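**Q** Hey, can you work out the whole structure from these sequences and the hints?
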Amino acid sequence: MDNQYIFVWEPDPSKSKAVYNYLVKKVNDRNLGDKVEVFKSTYIGLTSSRPIIRILPNDTIYKDFEQEDLGEIFEAISSGRKVNRFLCEFESKIAPVPEKDSHSKQFKIVLRNVGYLDPENIDEYIRRGGYKAMEKAIFQMKPEEIIKEVKESGLRGRGGAGFSTGLKWELTREEPGEEKYVICNADEGDPGAYMDRSVLEGDPHSVIEGMIIGGFAVGCKEGFIYIRAEYPLAIERLEKALASAREYGLLGKNILGSDFNFDIELRWGAGAFVCGEETALMASIEGRRGNPTPRPPFPSQSGLWKKPTFINNVETWANIAPIIEKGSSWFSSIGVGKSKGTKVFAVTGKVKNPGLIEVPMGTTLREIIYDISGGILGDKKFKAVQTGGPGGGVIPEKFLDMSVDYETLQSIGSMMGSGGLIVMDEDDCMVDVNKFYLQFSVDESCGKCSPCRIGGKQLLDTISKITAGNGDMKDVQKIRNISMAMQKASLCALGQTTPNPVLSALQYFENEYIEHITHKKCLTGKCRDLVQYSIIPEKCIGCGVCAMKCPVKCISGEKKKPHLIDGNKCVKCGECFASCKFSAIKRS
Amino acid sequence: METQQIAQLDKRLLDFINEWKGKKGKEIMILHKVQEIYGFLLRALAMEVSRLIDLPLAKIYGIITFYHIFKLKKPGKYQISVCMGTACYLKGGNDIISELENILGIGVNCVTEDGKFSVEVVRCVGCCGLAPVMIIHGKTYGNLKKGDLPKILGEYGESVLLDKENHV
Ligand SMILES: Cc1cc2nc3c(=O)[nH]c(=O)nc-3n(C[C@H](O)[C@H](O)[C@H](O)COP(=O)(O)O)c2cc1C
Ligand code: SF4
Ligand code: SF4
Ligand code: SF4
Ligand code: FES
Chain A
83 MDNQYIFVWE PDPSKSKAVY NYLVKKVNDR NLGDKVEVFK STYIGLTSSR PIIRILPNDT
143 IYKDFEQEDL GEIFEAISSG RKVNRFLCEF ESKIAPVPEK DSHSKQFKIV LRNVGYLDPE
203 NIDEYIRRGG YKAMEKAIFQ MKPEEIIKEV KESGLRGRGG AGFSTGLKWE LTREEPGEEK
263 YVICNADEGD PGAYMDRSVL EGDPHSVIEG MIIGGFAVGC KEGFIYIRAE YPLAIERLEK
323 ALASAREYGL LGKNILGSDF NFDIELRWGA GAFVCGEETA LMASIEGRRG NPTPRPPFPS
383 QSGLWKKPTF INNVETWANI APIIEKGSSW FSSIGVGKSK GTKVFAVTGK VKNPGLIEVP
443 MGTTLREIIY DISGGILGDK KFKAVQTGGP GGGVIPEKFL DMSVDYETLQ SIGSMMGSGG
503 LIVMDEDDCM VDVNKFYLQF SVDESCGKCS PCRIGGKQLL DTISKITAGN GDMKDVQKIR
563 NISMAMQKAS LCALGQTTPN PVLSALQYFE NEYIEHITHK KCLTGKCRDL VQYSIIPEKC
623 IGCGVCAMKC PVKCISGEKK KPHLIDGNKC VKCGECFASC KFSAIKRS
Chain B
76 METQQIAQLD KRLLDFINEW KGKKGKEIMI LHKVQEIYGF LLRALAMEVS RLIDLPLAKI
136 YGIITFYHIF KLKKPGKYQI SVCMGTACYL KGGNDIISEL ENILGIGVNC VTEDGKFSVE
196 VVRCVGCCGL APVMIIHGKT YGNLKKGDLP KILGEYGESV LLDKENHV
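Same order as they appear, the protein sequences are chains A and B.
When you read off a place in the first sequence, starting at 1, and then add 82, the result is the number in our numbering.
When you read off a place in the second sequence, starting at 1, and then add 75, the result is the number in our numbering.
Note that these hints are calculated values from the structure, not bench results.
Nothing here was measured: the structure is a model prediction, and the numbers come from that model.
Even glycine gets a Cβ: it sits at the ideal position worked out from N, Cα and C.
A portion of the hints provided could be inaccurate.
[Stated by the list, open to error] Taking CB as the label site, the calculated pair distances span: (1) B/Leu127 to A/Lys602: 43 to 51 Å; (2) A/Lys434 to B/Gly229: 44 to 52 Å; (3) B/Lys86 to A/Lys107: 50 to 58 Å; (4) B/Glu94 to A/Glu256: 32 to 40 Å; (5) B/Gly182 to A/Glu508: 53 to 61 Å; (6) A/Arg112 to B/Lys86: 55 to 63 Å; (7) A/Asp341 to B/Leu127: 36 to 44 Å; (8) A/Lys556 to B/Gly229: 45 to 53 Å; (9) A/Asn110 to B/Arg87: 49 to 57 Å; (10) B/Glu111 to A/Glu489: 38 to 46 Å.
**A** Here it is in structure tokens:
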């Protein structure tokens with residue numbers, strides 16, 4: 083028979099420890115100390131006014147017994163039997179099993195609880211099976227087994243790079259030294275994405291539970307969550323969640339009566355995108371400017387305060403408890419190829435139902451955009467979708483049926499990134515969108531290395547020149563050259579990936595660039611310097627609507643007579659174009 | 076203004092500094108607290124913090140100037156943060172900024188003469204489904220249209236309502 087671990091929970095442990103004392107005495111009397119261990123538990127996952135006993139590894143739970151029944155229960159435990167009349171099967175029935183929802187094509191592992199529980203109430207998380215995986219990890223698994231399980235699950239980082247999570251843990255565990263740190267990267271800087279925010283606000287305990295398991299497996303005493311200061315509600319919920327976890331003995335000294343000590347604290351970001359990069363993030367926690375540093379040394383060797391450190395993304399952390407609970411083979415059965423499990427996406431831009439979705443790896447973009455998110459807003463024509471944020475790329479229509487996974491996305495010039503999925507329609511101009519992303523990357527470059535600092539600025543200037551109508555075909559080659567230099571010589575991934583959106587647009591939408599450069603035209607009207615608005619006299623009935631809408635009042639005309647736009651004053655906002663009901667305004 | 080003396084540090088700040096003094100990674104947390112209480116990082120405050128946590132003033136300025144959140148100038152009473160994340164950009168975040176310019180007569184990172192409003196650009200506040208989005212004084216306004224602005228600003232004072240006449 084396996085060793086038995088008995089957890090005793092008593093309503094008011096300070097007053098009466100009758101059940102605990104009885105069982106400890108029994109164990110000692112019978113000399114069973116090396117076979118049966120008894121623990122005082124501050125938490126068992128049930129709410130009751132009477133004592134509860136939980137026995138691992140079988141996860142047998144007894145409740146509603148009297149002191150006199152303890153003898154019988156103890157005999158049963160020590161001989162591997164059960165006492166049916168006190169058995170409680172409540173918990174195993176209510177624990178949710180994530181399942182593929184064939185109706186919606188979604189599959190919720192990370193978002194398993196989001197929306198289904200009160201994130202400020204730890205009991206609800208526990209009732210849905212929460213902290214069970216952590217208990218299993220601490221009492222039934224050796225750290226090496228946990229790491230093996232995470233490694234075999236095939237889980238890869240959800241923050242962007244897609245590195246094997248289990249391997250990262252292993253490398254950190256293998257480093258010598260007592261002091262090691264675990265970090266949750268909740269900086270979520272990708273503009274236009276909010277996956278992590280939703281998890282932190284909707285199910286903070288799932289992240290905390292993952293971190294405790296990770297901390298235990300790697301051998302840490304302290305963990306930090308580095309969170310964007312722009313997410314006040316997530317901060318508030320995390321603080322509450324940490325406090326109740328401490329109160330329940332899930333964090334702090336001797337977690338659940340074991341000899342594992344571990345706690346987690348929050349550290350706020352301060353609005354610098356580059357601090358999502360792990361070396362910059364650690365500098366920021368340490369109270370310095372968030373400049374990335376070259377690797378090696380890797381954080382696993384020399385991280386926070388030069389101690390071995392491992393960092394995972396919020397979504398990565400939320401996957402840990404289900405993997406431990408259900409096993410690596412369950413997890414690795416989901417997904418395709420080397421991309422296992424699910425991915426959460428924030429689908430935004432020109433779709434009918436923007437929102438957060440979670441799908442198995444390998445789902446196609448078409449399924450995501452059309453089946454789940456309802457297709458393009460206003461039934462306009464799809465143009466492209468950007469994944470991977472400012473370091474990712476645009477994906478044209480011809481790839482809509484390709485599988486969404488790390489390798490495939492990379493092979494077509496984009497990347498998985500953290501999960502922003504921005505849909506663009508025929509009204510969006512690729513050159514303009516490129517300019518937007520470049521502006522972002524230039525603003526956020528930390529300026530430490532010149533390929534990124536100078537190259538990014540040059541790229542932006544070149545593209546601005548094109549959108550202003552002063553482009554030259556030589557600029558395309560120039561863009562390619564600068565991009566190559568940035569990819570090769572930038573110190574961190576910010577600079578290395580800054581050119582990606584431009585390069586992918588040049589690959590799939592080169593015509594649009596040529597249109598802007600040689601014909602000085604922007605068909606969508608987004609590049610204002612390249613458009614002219616004029617009124618077609620034959621069509622204009624002189625209703626005056628456009629004149630009223632024009633912000634600079636440059637449209638004039640008598641009522642019921644064709645109106646006229648003063649091209650010198652027009653700021654090309656397009657208001658008139660959008661407001662004329664008679665298609666009398668021409669954009670060219 | 077910049078060199079103004081701080082007679083007495085706010086007690087909330089002192090308590091916070093005492094609580095955090097011995098903790099790891101306190102620097103940015105303390106500066107956040109200063110800004111939460113005072114609205115921006117006055118030079119005298121930075122000096123005071125430097126003394127209290129024994130961190131050179133140059134280091135403190137190094138931090139303040141690196142991170143976008145920290146402000147060296149006093150913001151308006153009501154701070155308007157317009158989102159220019161990707162989703163908001165695609166859905167017309169630019170138009171919101173130019174309309175605010177029209178109505179308030181100030182550009183990004185400026186404060187109205189009466190000190191009431193200031194406008195800043197932020198990168199994604201995590202409500203992309205509601206794009207375009209802006210936040211005024213902690214309150215989020217989503218699915219914005221230019222025409223909504225006069226009414227929204229009106230919630231913060233009638234002077235804006237008067238201005239509105241000129242712009243519809
Ligand atoms: C400029 C830059 C910004 C990043 N921003 C984030 C971020 O906001 N959140 C995140 O989890 N990872 C971000 N990353 C990736 C992290 O550096 C790191 O790879 C990740 O946190 C590791 O966790 P994972 O293995 O679980 O993905 C960023 C990387 C770079 C280069
Ligand atoms: S690549 Fe850019 S962000 Fe990264 S270190 Fe160099 S300058 Fe800083
Ligand atoms: S809205 Fe159209 S029809 Fe009416 S005045 Fe303007 S151009 Fe003419
Ligand atoms: S494009 Fe804008 S500024 Fe130009 S005429 Fe039309 S409404 Fe007026
Ligand atoms: S892009 Fe504006 S809220 Fe995300």
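**Q** Which of the listed hints are not met by the structure?
**A** 1, 2, 5
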